[in-house]
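Student: Now for the letters of each chain:
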Amino acid sequence: MPPDLWQLYSLMFKCRRFEEAVAKLWHDGLISGEMHLGTGEEAIVAGVVSLLQEGDALALDHRGTAALLVRGVDPVLLVRELLGYPEGLCGGRGGHMHLFSQPHLAVSSGIVGASGPAATGFGLAAQYQNPGAVAVAFFGEGAMNQGMLLESLNLAAVWQLPVIFVCKNDGWAITSTDGSMTAGDLNERARGLGVPVIEIDGRDVSDVWQAAQTALERARSGQGPTFLHARCVHFEAHFLGFQLLRMVRHPLREMPRVAVPLTHAILKKDGEPFRIRLAGLRKVLAAVWRTVRDPRRGLAHDPLWRTRRLLRADLSRLQAMENDLTREVDHIIASALVGVPS
Amino acid sequence: MPPDLWQLYSLMFKCRRFEEAVAKLWHDGLISGEMHLGTGEEAIVAGVVSLLQEGDALALDHRGTAALLVRGVDPVLLVRELLGYPEGLCGGRGGHMHLFSQPHLAVSSGIVGASGPAATGFGLAAQYQNPGAVAVAFFGEGAMNQGMLLESLNLAAVWQLPVIFVCKNDGWAITSTDGSMTAGDLNERARGLGVPVIEIDGRDVSDVWQAAQTALERARSGQGPTFLHARCVHFEAHFLGFQLLRMVRHPLREMPRVAVPLTHAILKKDGEPFRIRLAGLRKVLAAVWRTVRDPRRGLAHDPLWRTRRLLRADLSRLQAMENDLTREVDHIIASALVGVPS
Amino acid sequence: MKKMSFTQAVDDALAQAMAKDPQIIVFGEDIPLLRRELLVRFGPQRVRGTPISESAFVGAAVTAAMAGLRPVVELYMVDFLGVCLDALLNHAAKVEAFSGGKWSVPLVVRAPCGGGYGDGGQHEQSLWGWLAHIPGLTVVVPATPADAGGLFLTALQHEGPVVFLEHKLLSESWLEFLGSGGRQTVQYNVPEAGARGEVPQIWKPLPLGQAIERRPGGDVMIVSAAVGVHRALEAAESLEQQGISAGVLDLRSVSPLDTTALRAAAQNTGRLCVVDEDYEGFGLSGEVAAVVLEAGIPVQFSRVCTQSTIPYARHLEDQVLPNRERIVAAVQNMMS
Amino acid sequence: MKKMSFTQAVDDALAQAMAKDPQIIVFGEDIPLLRRELLVRFGPQRVRGTPISESAFVGAAVTAAMAGLRPVVELYMVDFLGVCLDALLNHAAKVEAFSGGKWSVPLVVRAPCGGGYGDGGQHEQSLWGWLAHIPGLTVVVPATPADAGGLFLTALQHEGPVVFLEHKLLSESWLEFLGSGGRQTVQYNVPEAGARGEVPQIWKPLPLGQAIERRPGGDVMIVSAAVGVHRALEAAESLEQQGISAGVLDLRSVSPLDTTALRAAAQNTGRLCVVDEDYEGFGLSGEVAAVVLEAGIPVQFSRVCTQSTIPYARHLEDQVLPNRERIVAAVQNMMS
Ligand SMILES: Cc1ncc(C[n+]2csc(CCOP(=O)(O)OP(=O)(O)O)c2C)c(N)n1
Ligand SMILES: Cc1ncc(C[n+]2csc(CCOP(=O)(O)OP(=O)(O)O)c2C)c(N)n1
Ligand SMILES: [Mg+2]
Ligand SMILES: [Mg+2]
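Protein chains in written order, with the working numbering: chain A, 1 to 342; chain B, 1 to 342; chain C, 1 to 336; chain D, 1 to 336.
FYI, nobody ran anything at the bench for these hints, they're computed from the structure. Glycine included, every Cβ here is placed at the ideal spot set by N, Cα and C. It is possible that some hints are incorrect.
Stated by the list, open to error - Pairs of lysine-lysine, BS3-like flavour, derived with a Cα cap of 27 Å: (1) Lys-102(C) with Lys-268(B); (2) Lys-204(C) with Lys-2(C); (3) Lys-24(B) with Lys-20(C); (4) Lys-204(C) with Lys-3(C); (5) Lys-24(A) with Lys-2(D); (6) Lys-20(D) with Lys-102(D); (7) Lys-20(D) with Lys-2(D); (8) Lys-3(D) with Lys-20(D); (9) Lys-3(C) with Lys-269(B); (10) Lys-3(D) with Lys-268(A); (11) Lys-2(D) with Lys-269(A); (12) Lys-268(A) with Lys-204(D); (13) Lys-20(C) with Lys-268(B); (14) Lys-2(D) with Lys-204(D); (15) Lys-2(C) with Lys-20(C); (16) Lys-102(D) with Lys-269(A); (17) Lys-269(B) with Lys-20(C); (18) Lys-20(C) with Lys-204(C); (19) Lys-204(D) with Lys-269(A); (20) Lys-2(C) with Lys-102(C); (21) Lys-20(D) with Lys-204(D); (22) Lys-268(B) with Lys-204(C); (23) Lys-2(C) with Lys-269(B); (24) Lys-204(C) with Lys-269(B); (25) Lys-102(D) with Lys-268(A); (26) Lys-20(C) with Lys-3(C); (27) Lys-3(D) with Lys-204(D); (28) Lys-269(A) with Lys-3(D).
Claimed, not checked - In silico negatives: residues of chain D with every beta carbon more than 12 Å from chain A: (29) Arg-48; (30) Gln-157; (31) Pro-207; (32) Ser-245; (33) Thr-259; (34) Ala-330.
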């Protein structure tokens with residue numbers, strides 16, 4: 001059965017609008033601390049989460065808002081939680097990185113790698129008391145260096161648990177590129193821990209959906225865990241207000257803030273010889289450069305744009321849907337903000 | 001260059017006699033708590049440690065006594081430490097699982113997997129301040145499920161550190177068999193973490209020595225870590241006084257202690273249906289059975305016996321050497337015990 | 001009345017609960033052999049072995065509990081929590097708060113603790129006061145078989161995460177496993193009344209946060225938990241011979257702490273001596289001091305705790321862990 | 001005199017030390033970018049990035065220190081120690097004892113801590129009292145740039161493992177990184193005197209375990225660390241207007257704890273109020289109580305601490321973290 005692209009696109013589009021609205025709240029100062037968006041990974045989220053059923057569980061990382069939206073958590077409660085309102089999903093006590101919804105068996109954690117053990121525990125509960133149900137873990141490629149996640153892959157394999165480990169590989173962990181901090185190969189790693197791998201193009205929602213379908217079938221029928229390795233890009237880089245991205249977007253304002261102290265430092269009297277200092281400088285510049293020139297921020301890597309292309313034949317339906325969803329999200333935000341004494 | 005089998009055999013023989021003497025001290029009650037011997041893994045210990053040089057470091061697990069002996073730590077201090085004497089290697093404060101020798105850059109830990117980070121740190125220090133030096137980690141196959149060890153493999157690979165990760169795979173972690181608790185494949189795991197693998201027969205000291213030589217050369221020349229995967233057997237199973245082994249050795253005395261409460265339990269009124277209870281019983285019996293029938297406790301798997309075979313041509317030299325070493329160990333134990341007011 | 005050893009009591013209470021509640025499952029390293037009597041009664045689905053992956057399986061226990069199971073997750077020793085504290089500190093203890101009170105974690109972490117048998121400083125810690133620092137964790141530390149079984153039942157019924165600690169010197173089976181290993185040649189200073197004692201025919205839950213006076217006393221109250229309670233009782237006997245009337249209060253749970261009993265004891269005797277096998281600084285003994293000071297009760301105070309890393313040598317460890325002599329001296333000092 | 005912001009002071013002291021001592025190396029996640037000014041001065045061998053593998057790299061720092069390096073290992077937040085506590089609890093803190101005093105671990109663990117900017121309960125903990133419970137660990141918690149730089153130098157020269165905590169509300173750079181992210185639309189209650197202040201031309205080490213009286217006072221001494229010191233100073237001003245003379249004692253290091261200063265303060269004022277952003281139970285505030293009670297000093301005692309998991313919502317977190325109002329109320333209560 002092929003995926004329903006219209007439905008998947010509508011989910012992705014809603015996620016995008018929703019997170020854009022959240023970004024606005026953040027920029028307006030209505031959200032105080034960190035805010036990690038998932039814009040760019042919508043195909044992975046929609047492709048996997050749309051396949052979940054009642055009784056399935058979801059373990060999220062610091063980028064979990066969109067997944068909860070797709071899972072059917074009340075979006076007004078979600079926004080109110082991000083705003084820290086007592087009427088939020090968790091009474092304003094959990095917040096952006098700690099979103100919990102018991103009816104959806106959905107948990108989040110800001111501790112990198114924690115979604116591994118969490119999904120494994122849900123998988124155990126499913127195996128024991130609700131066979132046929134599954135648990136999904138979302139995490140980044142950086143998390144694949146965190147011991148507890150590696151341990152979880154093995155544990156899920158040993159117990160043959162119905163867990164889908166979804167690695168959203170955007171190639172970055174804050175300012176570190178995958179290649180520089182991850183040796184070997186993630187697929188081989190997962191296999192070495194006893195978990196079969198499906199590698200997919202995380203920009204292609206059909207591809208994700210098909211692979212998730214396969215993994216879910218394996219899990220539901222008692223054949224154990226699967227590692228879904230999906231590449232993607234995060235358009236807002238690590239989090240909102242990310243300095244490297246600010247330098248790209250407002251070079252004149254931001255560059256000097258970085259460059260001036262850097263110049264001072266490199267010229268300081270005591271320290272290593274200049275040759276070594278230059279090696280250091282090259283590292284800094286490389287990171288800046290990789291961010292500035294990241295080709296993946298282009299439209300061609302946008303999962304929405306790629307899916308939209310396939311639906312453009314019926315442009316009026318598409319635009320009507322988009323307009324509806326935009327209005328829906330506007331309405332969600334308005335409802336969340338309205339009627340709540342701050 | 002081929003290994004000097006006579007020298008390696010003498011090291012192995014000394015380790016064996018030494019640990020047998022330690023076992024006697026333990027049985028006599030002069031050592032109070034746990035005591036994990038390495039009898040059966042001497043080929044791995046001798047094959048690797050005999051190649052270490054001044055400035056090389058050693059990170060050991062709970063089974064580290066023999067490695068320290070081979071490394072050249074004063075054996076009298078070692079025995080006194082095991083006995084908890086103030087004159088011991090660590091003033092009687094570290095003890096069997098916490099043996100430290102600064103001149104040898106040798107550490108131990110009773111925390112499974114901890115030798116991974118420890119060797120990685122030593123490797124970092126070597127790379128930075130003492131290029132050409134290396135660090136060796138010893139651990140069991142059970143430790144390969146501990147996150148910090150997996151993390152360490154990746155870290156050592158990322159930093160290209162001179163670390164040899166030596167997995168002494170005896171197939172058991174206390175009462176758990178490797179196959180039951182480790183999914184996938186350890187070699188693939190190590191490679192997936194960026195560390196090249198050499199698999200060896202841990203009963204064959206030449207094989208170990210050759211592989212260690214290769215790994216050390218890679219490390220000393222800045223080519224990064226290696227994973228040495230060596231299979232072996234532990235003749236005393238997990239530790240001295242191990243219940244499963246006592247059942248094998250003294251079935252009439254030990255079997256009833258286990259069997260009677262087990263029979264009571266399986267017949268208890270409330271609980272799962274009998275079919276499920278039997279599945280449980282089968283698991284217990286299988287573990288007992290695997291221990292009882294472990295073919296590997298036979299002579300053919302003894303690294304000493306295997307090496308001795310190759311040297312038997314010169315029996316008189318062999319026996320003279322063995323006699324000398326036996327006397328030497330006797331003397332060590334006697335010196336350790338004598339002259340120290342308790 | 002029935003008599004049982006300490007760990008037998010826990011296992012018996014656990015078995016009683018498992019027979020009633022199919023949601024209780026037990027897992028940890030080597031559990032199929034360590035808890036083989038549960039395995040042959042409740043089968044391999046409910047009694048499971050794990051890899052040496054504490055972060056994964058303790059972390060998994062948290063969400064398994066959230067999904068409706070009642071997991072009892074066992075660690076070989078409380079010391080090994082070091083590798084997986086995140087699961088307790090940042091997850092088990094916080095879910096109820098994070099979810100706005102809507103979701104709880106009915107999890108029991110069971111672990112042997114404590115020293116006195118020569119295993120060295122990485123294997124003999126107590127850490128109960130340390131764990132109690134984390135809001136959201138319940139920490140239970142029984143001193144007798146009857147309390148062990150009853151409180152274990154309570155832990156199984158509790159809505160939040162409970163760390164249940166079994167002192168190895170009270171646990172016949174752990175002491176045999178890790179210490180004697182079948183030898184007759186070693187001796188441990190086992191408090192008999194703690195290692196074996198009368199237990200009820202049927203286990204009933206005991207209240208959390210309710211200390212029990214093991215011995216009344218008018219001059220001073222010695223406050224402790226686990227083996228310390230028995231050391232305190234020995235000390236109280238010695239003190240009696242010197243004309244000092246020392247009572248002994250067994251806390252039974254470190255968190256919640258029975259502040260009412262502590263204040264009453266301070267009020268009645270004017271002197272508290274805290275005997276704590278956990279480390280002295282920033283722990284249980286300090287909390288006891290704060291509780292009585294906050295209440296404005298004038299009191300003399302002393303403590304006999306573990307002040308340093310526990311040494312391996314038996315004679316050194318005996319000095320470092322709270323013992324009768326140190327308790328007697330501390331109390332005498334307060335009386336003079 | 002020079003002025004610096006808090007984290008600038010630490011980095012400056014660190015750079016001064018690195019220029020003299022080639023054994024000092026710095027590593028942690030994203031360190032090449034977070035400490036880019038050190039990177040361009042000391043090069044990629046000495047300033048390194050790590051994978052998100054705290055257990056491996058903190059563990060590695062322990063033996064690197066034992067082999068003669070002076071590693072400064074950075075964590076993104078102290079909360080994340082949960083995943084790698086074993087390295088501190090069972091290794092760094094114990095090696096000196098285990099080796100019979102023959103080997104030490106000159107390691108500095110540097111981490112941001114504390115709340116007040118809306119990041120939620122898994123990212124705003126203090127945990128200094130919790131860490132101080134472990135014998136063998138030194139825990140430094142400065143409240144001003146001058147102390148931060150001076151104490152960091154001390155940490156670098158110390159023979160044992162030091163956990164050096166930077167409160168995020170005092171750290172311009174962390175607050176910008178994790179909080180404002182370049183926005184003008186958010187406001188944090190930053191104590192100005194803690195975030196920026198005069199620093200010496202050349203850094204000199206400051207003594208460990210030496211508290212400093214930030215404000216004298218005859219009626220009560222408020223004892224605190226980090227941001228709490230500044231909240232206490234605000235409270236003391238309010239109290240002054242009510243005719244109450246409240247002093248403020250800045251502990252600067254939690255372990256070692258300046259017990260002499262605490263006893264003197266108790267002696268002189270007869271009243272102590274401990275303000276602690278770390279959790280209330282079984283922590284720093286209790287230890288302070290024990291120290292004065294053990295000394296037999298009659299004292300009134302109160303504490304204003306974090307009693308629960310820190311909530312995400314800014315208005316809720318402001319109530320849960322110690323603030324001026326709560327401190328004023330606690331002191332008033334003691335005076336009446
Ligand atoms: C245990 C732990 N260490 C460090 C951090 C800080 N941190 C938060 S997100 C992040 C990067 C995660 O990278 P990745 O897993 O690839 O996810 P992405 O952000 O790219 O989606 C880090 C290091 C943390 N939250 N938890
Ligand atoms: C973190 C941790 N978990 C559990 C233990 C208990 N334990 C000690 S040794 C051991 C088994 C280790 O097996 P393996 O690594 O294969 O080494 P072997 O004993 O077979 O040589 C276990 C589980 C421990 N010491 N540390
Ligand atoms: Mg990433
Ligand atoms: Mg093994």
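Student: None of the hints should be skipped; say for each whether it holds.
Tutor: Quick rundown of the hints versus the structure:
no. : hint                       : verdict
1   : Lys-102(C) with Lys-268(B) : 38 Å, violated
2   : Lys-204(C) with Lys-2(C)   : 14 Å, holds
3   : Lys-24(B) with Lys-20(C)   : 48 Å, violated
4   : Lys-204(C) with Lys-3(C)   : 16 Å, holds
5   : Lys-24(A) with Lys-2(D)    : 39 Å, violated
6   : Lys-20(D) with Lys-102(D)  : 26 Å, holds
7   : Lys-20(D) with Lys-2(D)    : 21 Å, holds
8   : Lys-3(D) with Lys-20(D)    : 23 Å, holds
9   : Lys-3(C) with Lys-269(B)   : 20 Å, holds
10  : Lys-3(D) with Lys-268(A)   : 18 Å, holds
11  : Lys-2(D) with Lys-269(A)   : 18 Å, holds
12  : Lys-268(A) with Lys-204(D) : 19 Å, holds
13  : Lys-20(C) with Lys-268(B)  : 13 Å, holds
14  : Lys-2(D) with Lys-204(D)   : 14 Å, holds
15  : Lys-2(C) with Lys-20(C)    : 21 Å, holds
16  : Lys-102(D) with Lys-269(A) : 37 Å, violated
17  : Lys-269(B) with Lys-20(C)  : 12 Å, holds
18  : Lys-20(C) with Lys-204(C)  : 13 Å, holds
19  : Lys-204(D) with Lys-269(A) : 19 Å, holds
20  : Lys-2(C) with Lys-102(C)   : 41 Å, violated
21  : Lys-20(D) with Lys-204(D)  : 13 Å, holds
22  : Lys-268(B) with Lys-204(C) : 19 Å, holds
23  : Lys-2(C) with Lys-269(B)   : 18 Å, holds
24  : Lys-204(C) with Lys-269(B) : 19 Å, holds
25  : Lys-102(D) with Lys-268(A) : 38 Å, violated
26  : Lys-20(C) with Lys-3(C)    : 23 Å, holds
27  : Lys-3(D) with Lys-204(D)   : 16 Å, holds
28  : Lys-269(A) with Lys-3(D)   : 20 Å, holds
29  : Arg-48                     : 10 Å, violated
30  : Gln-157                    : 17 Å, holds
31  : Pro-207                    : 25 Å, holds
32  : Ser-245                    : 36 Å, holds
33  : Thr-259                    : 35 Å, holds
34  : Ala-330                    : 24 Å, holds
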